[in-house]
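2 protein chains.
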Amino acid sequence: RKGTGFGLWYSGDGGHHLCCSIPLSSLIKTSGLKLRFCTNETQATREKFVKKLQGMGFDISVDEVTAPAPAACRILKERSLRPHLLVHNDLVPEFAEIDKANPNCVVIGDAAENFTYANLNEAFRVLIGMEKPVLISLGRGRYYKETDGLKLDVGAYMKALEYACDVQAEVVGKPAKMFFESALAEMGVPPQQAIMIGDDIVNDVGGAQRCGMRALQVRTGKYRPCDENHPHVKPDAYVNNLAEAVDIILQQL
Amino acid sequence: RKGTGFGLWYSGDGGHHLCCSIPLSSLIKTSGLKLRFCTNETQATREKFVKKLQGMGFDISVDEVTAPAPAACRILKERSLRPHLLVHNDLVPEFAEIDKANPNCVVIGDAAENFTYANLNEAFRVLIGMEKPVLISLGRGRYYKETDGLKLDVGAYMKALEYACDVQAEVVGKPAKMFFESALAEMGVPPQQAIMIGDDIVNDVGGAQRCGMRALQVRTGKYRPCDENHPHVKPDAYVNNLAEAVDIILQQL
Chain R
462 RKGTGFGLWY SGDGGHHLCC SIPLSSLIKT SGLKLRFCTN ETQATREKFV
512 KKLQGMGFDI SVDEVTAPAP AACRILKERS LRPHLLVHND LVPEFAEIDK
562 ANPNCVVIGD AAENFTYANL NEAFRVLIGM EKPVLISLGR GRYYKETDGL
612 KLDVGAYMKA LEYACDVQAE VVGKPAKMFF ESALAEMGVP PQQAIMIGDD
662 IVNDVGGAQR CGMRALQVRT GKYRPCDENH PHVKPDAYVN NLAEAVDIIL
712 QQL
Chain G
462 RKGTGFGLWY SGDGGHHLCC SIPLSSLIKT SGLKLRFCTN ETQATREKFV
512 KKLQGMGFDI SVDEVTAPAP AACRILKERS LRPHLLVHND LVPEFAEIDK
562 ANPNCVVIGD AAENFTYANL NEAFRVLIGM EKPVLISLGR GRYYKETDGL
612 KLDVGAYMKA LEYACDVQAE VVGKPAKMFF ESALAEMGVP PQQAIMIGDD
662 IVNDVGGAQR CGMRALQVRT GKYRPCDENH PHVKPDAYVN NLAEAVDIIL
712 QQL
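Protein sequences appear in the order of chains R and G.
Reminder that position 12 of the first sequence reads as 473 in the working numbering, one-by-one numbering, no gaps.
Reminder that position 174 of the second sequence reads as 635 in the working numbering, one-by-one numbering, no gaps.
Incorrect hints may have been included.
No distinction is drawn between identical chains; accordingly, a pair holds when it is met within one copy or between any pair of copies.
Each computed BS3-like pair below joins lysine-lysine, with the alpha-carbon atoms no more than 27 Å apart [said to hold, decoys possible]: (1) 593 x 683; (2) 593 x 695; (3) 512 x 593.
The hints are simulated quantities; they were obtained by calculation from the structure and are not laboratory data.
Looking at chain R on its own, in the form it has when it is part of the complex (with noise of 0.2 Å):
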């Protein structure tokens, strides 16, 4: 789905740091580097998300996952938020601590079968009514392709949200600046010694940068030969594999 997720990749010694999408996790955590899972998905809960890349071989555990939701949350308290809350019924367990009564703001996430037209009018009404109408969106992302075809992703959606209530909405999860400060604060590393590995030029390999660490964009997955062309984005490496990348940084430990 939608660029599975990836890690930063921490030597203690102040090395490198790494995002990665897919395994190679063990090899880089018995070479004493920190490793996180950045994702943007919004479609499960991180339990069932640490489940599934289990199942696949992944040596992760869900306090190793930085993902939307927790995000949210944490702004939602902050700011003594109520969502009405736009999301994948999977994804409802992330707020079970969160008040919702009387709602004063909306968060999307990528809802899925939950965006028919009643849930959309729903929370337009709840935006509508407000006197500065706050929407939170858990990504920005356009679409992704599933087994049965391409789909709309929460992107599209929060559009349509901020065109009807003519207003701009926050967005948590990649490429959000702060959403990787999280996931840098939750290692304890400075974004100098991080380096982040994604197959998405702009949700990966941009936001990292952005945030001042280095990226490496793996040719692999969502990569299109056409990012290389990239108006805005350059990553600091290509990799043909996430195994090559994980050979590259360990040879330079």
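Using the hints, position chain G against chain R.
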């Protein structure tokens, strides 16, 4: 619903022309003025729209109505476009004569209940599969009010597809200049001799003025007091209601 419609009122001697949105149509016509109803209604055929207005006491026939769907049909024919329709079921008959096989564009209207997740994904796939996506939108309204509450209008869903496909929709209907020009051409009247009456500051008043017409805003329907401080659009005059507009224009004949 959405600025139900209005008309162009025309005196054959090169006098005034009027756009209105409620009855009084008989009074106007018997004064020798030409009248035309311009609507952004895309939830019904013109036939259905006219029947509804006749039921409310309007003297109106189908050939006096300028509406987005027939305007879109003209564009489709001129440019040999075969649409994938994302519209209300009741609007489909307006496209009866249009070839819809192997679509090379998408036409979006206020599809209401047809704005399902599946239908939006399907329209998106048609667009993203094209080398240069063509999206034709029957209006750009943000929202409107129905008896059971506010509803997102076609403009919101248009924005979602625009963002997902990185494309700009071609908007048919008010406030598009071409839409007003069609209405004028259908009456055989130059813009300088036409007056628009409407309740929507942007779609009715702004659109007509950009086309060289004068425009009155009625202080009824969609009108809001804050419209009188609109940053870009200023009507040629305000009237308290349509009856007052008709009075003033008849007096000046």
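These are the hints, each one checked on the structure:
In this assembly of identical chains, the alpha carbons of residue 593 and residue 683 lie at most 27 Å apart only when taken from different copies (21 Å versus 37 Å within one copy). In this assembly of identical chains, residue 593 and residue 695 lie within 27 Å of each other by CA distance solely across copies; the values are 26 Å between and 37 Å within a copy. In this assembly of identical chains, the alpha carbons of residue 512 and residue 593 never lie at most 27 Å apart, being 39 Å within a copy and 41 Å across copies at closest.
In this structure, the one hint that does not hold is number 3.
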